[in-house]
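Participant: Sequence:
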Amino acid sequence: MANDKDAGGDIGKSRNKLVQTRLTSGFTCYRASPPLTISPYFTTPVLESNQSNQSSKSIRYAHPERRALPKNQEPPTLHHTRSSGLLALVAADTKSLLPGILLTTPHAPADGRLYTKGDLPPLVPNACPDLNLTPIRVLNVDSIDAALKLSTRHTEKDGAPRNEKPILILNMANAYHPGGGWLGGALAQEEALCYRSSLSFTLKNRFYPIPSDGGLYSPTVVIIRHSMANGHGLLDLNKPEQLPVVSIVSVAALRGPVIAKDHDGNERYKNIEDRTSMKQKIRTVLRIAAKNGHRRLVLGALGCGAFGNPREEVVKCWSETLREHEFEGGWWEEIVFAVLDGGTSKGLGNFGTFLKGLDGLEV
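Okay, so the sequence shown: first residue is 254 according to this note's numbering, each after it adds one.
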């Protein structure tokens with residue numbers, strides 16, 4: 254894997270821009286980049302820094318998952334609140350600091366790889382690590398916080414050596430823009446990951462748009478900040494060898510699928526093709542994880558936010574896919590679903606629905 258320079262800044266050109274005072278200081282404000290439109294319903298192409306107008310147009314309108322807005326429905330927009338302005342400053346500071354931080358963490362280069370369907374054949378049983386079955390846990394927490402809190406215990410049989418691969422986090426990605434709208438202060442799960450880590454530098458422009466049946470794999474992503482709830486303060490950058498490192502798989506959910514309701518009023522995919530596509534995306538996540546030896550996973554409510562997928566159906570897709578024969582036999586040491594939505598365990602939101610449908614399920 255080459256450590257490319259085409260996402261989030263040219264590391265080589267930035268080497269002399271970071272001085273010791275920047276590494277040891279707290280938050281410093283910088284002028285943010287112009288806000289990036291991240292509506293899942295683009296009506297005009299948005300140019301990327303290294304793309305021509307012609308190539309951008311061809312990319313934006315060729316993707317098979319573009320959905321038209323339902324009649325009379327306005328596209329979701331970014332509201333430029335005081336909060337988004339502060340987040341844009343955090344993004345600018347993170348982007349400015351990362352080149353120097355990455356120079357001090359050679360064990361965690363900003364590499365990335367694109368996997369397409371052809372790269373991900375079904376898993377074979379003789380490659381399975383034969384772990385004990387593990388119960389899924391559903392937590393109302395941030396994805397990075399869930400990864401940092403995951404137990405370090407192992408459950409491998411026969412005294413097998415402990416797996417030292419980083420925890421793998423699912424990034425519910427924007428299919429068209431690396432990092433979604435993080436530079437403009439947007440706040441969804443992908444943006445939250447970018448504010449706190451080197452993820453954006455691993456998301457190479459040449460990988461976009463992410464294929465509908467593909468995913469991006471970032472083997473080493475350095476965590477550099479505390480959570481938003483804790484003020485996005487910097488970790489101790491004077492001890493780069495102690496900065497947490499995770500892996501991340503980025504997969505884009507279906508955008509605006511057509512929804513129907515059953516006789517009980519529960520939402521479902523109207524088109525069976527959309528349900529099939531969602532399950533294939535889940536297989537992509539699990540195959541990338543297994544292919545790269547990851548046994549501890551932090552997953553999420555894929556597509557259950559602004560993209561408008563029916564949460565009950567998505568829960569069923571996860572449950573059904575995780576129990577397919579391909580993924581049986583003990584592939585996982587721990588699986589956590591991090592579903593941060595402010596809801597309660599008995600609520601009807603994403604957290605309550607995922608808790609009811611997945612928590613305690615053994616896989």
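Don't take each hint at face value.
Said to hold, decoys possible - No more than 30 Å apart at the CA atoms, straight line, and that leaves these computed lysine-lysine pairs for DSS-like:
{"id": "1", "residue 1": "K609", "residue 2": "K569"}
{"id": "2", "residue 1": "K402", "residue 2": "K514"}
{"id": "3", "residue 1": "K609", "residue 2": "K514"}
{"id": "4", "residue 1": "K532", "residue 2": "K544"}
{"id": "5", "residue 1": "K544", "residue 2": "K370"}
Claimed, not checked - Have a look at the derived ranges for each label pair, beta carbon to beta carbon:
{"id": "6", "residue 1": "G371", "residue 2": "E581", "range": "31 to 37 Å"}
{"id": "7", "residue 1": "A513", "residue 2": "N545", "range": "34 to 40 Å"}
{"id": "8", "residue 1": "T529", "residue 2": "L367", "range": "20 to 26 Å"}
{"id": "9", "residue 1": "G546", "residue 2": "N519", "range": "26 to 32 Å"}
Calculated from the structure, these hints are not laboratory results.
These numbers were taken from a predicted model, which means no experiment stands behind them.
The beta-carbon is built from N, C-alpha and C at its ideal position, and this holds for glycine as well.
Participant: All hints, please: hold or fail.
Facilitator: Hints versus structure:
Annotation: proposed proximity of K609 to K569 holds, straight-line Cα distance about 11 Å (limit 30 Å). Of the pairs offered as hints, the one joining K402 and K514 is violated, with about 38 Å between alpha carbons and a cut-off of 30 Å exceeded. Between the alpha carbons of K609 and K514 the distance comes to roughly 20 Å, so the proposed pair stays at or under 30 Å and holds. Pair hint K532 plus K544 holds up; C-alpha atoms about 18 Å apart against a cutoff of 30 Å.
A hinted pair counts as satisfied when its Cα atoms are at most 30 Å apart, and K544 with K370 qualifies at roughly 13 Å. Taking 31 to 37 Å as the suggested C-beta distance range, the pair G371 and E581 does not conform, at roughly 24 Å. For A513 paired with N545, a C-beta distance near 37 Å keeps the hint of 34 to 40 Å intact. Hint check: T529 to L367, Cβ distance near 22 Å, so the stated range 20 to 26 Å holds.
At about 38 Å, the CB distance of G546 to N519 disagrees with the hint of 26 to 32 Å.
In summary, the structure is inconsistent with hints 2, 6 and 9 from the numbered list given earlier, while agreeing with the others.
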